[in-house]
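*Asks:* Quick note, the sequences are listed as chains F and C, same order. At position 21 of the first sequence (counting the first as 1) the number is 8 in our numbering, and the numbers step up by one without a gap. At position 51 of the second sequence (counting the first as 1) the number is 38 in our numbering, and the numbers step up by one without a gap.
Any given hint could turn out to be false.
Just some of the chain C residues that point at chain F, by a computed CB distance under 7 Å [to be verified]:
(1) 13
(2) 18
(3) 20
(4) 24
(5) 25
(6) 26
(7) 29
Simulated pairs of lysine to any residue, SDA-like, Cα-Cα distance not exceeding 25 Å [said to hold, decoys possible]:
(8) F:22 with C:47
(9) F:-2 with C:63
(10) F:22 with C:65
(11) F:-2 with C:6
(12) F:28 with C:21
(13) F:28 with C:48
(14) C:-2 with C:60
Just so you know, the hints here were simulated from the structure itself, not pulled from any lab data. Glycine included, C-beta positions come from ideal geometry on N, C-alpha and C.
Protein chains: 2
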Amino acid sequence: MARVVVDVMLKPEILDPQGQAIAAAGSRLGFEGLKEVRQGKRFEVEIDGELDDAAVAEVRRMAETLLANTVIEEFEVRPAS
Amino acid sequence: MARVVVDVMLKPEILDPQGQAIAAAGSRLGFEGLKEVRQGKRFEVEIDGELDDAAVAEVRRMAETLLANTVIEEFEVRPAS
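Working from the sequences, and respecting the hints, build out all of it.
*Replies:* Structure below.
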């Protein structure tokens, strides 16, 4: 049993109104020095068996087809620390 | 200018129907060895100035009050790699 983390974020060129709303709320609440907030998704995927290259490749394929919309999002797959 | 990452996940004892739906969809789509998927949020926070202890503490305070619902969620704050 192994755990893989998939981080999905909007591509940098895609506007993130949700993040902007959070940044505005943070400033209003008095948090200082906030320049930008971007919100994305984090998936923790638990898989059977060893965390070998094939398993990571399988999760990467899943990230590409199911977890991320690669038109507007980018993703990163890595073993959970 | 520095970037801090805040990961917010449901506490392990909290049911995650969204993650369950993703795991079911993944299995249906033929991804093998999927045991569990849990979905959380990832925030990238850009702050002015140096990434010193005070800045990280400020982001941690923001995570606690604005980004995470600490009744059902746990969070982790770390400098972006």
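*Asks:* Please go over all the hints and tell whether each is borne out by the structure.
*Replies:* Each hint tested on the structure:
1. 13: Holds. Min distance 6 Å.
2. 18: holds, 5 Å
3. 20: Interface hint status for residue 20 of chain C: holds (4 Å vs cutoff 7 Å).
4. 24: holds, 5 Å
5. 25: Since the shortest Cβ distance to chain F is 5 Å, the answer is holds.
6. 26: holds, 5 Å
7. 29: holds, 4 Å
8. F:22 with C:47: Measuring from Cα to Cα gives roughly 16 Å; hence the hint holds.
9. F:-2 with C:63: holds, 23 Å
10. F:22 with C:65: Judged against 25 Å, a Cα distance of about 17 Å means the pair holds.
11. F:-2 with C:6: Since the Cα atoms of residue -2 of chain F and residue 6 of chain C sit roughly 23 Å apart, the hinted pair holds (cutoff 25 Å).
12. F:28 with C:21: holds, 19 Å
13. F:28 with C:48: holds, 21 Å
14. C:-2 with C:60: holds, 5 Å
Every hint, counting from the list given before, is met by this structure.
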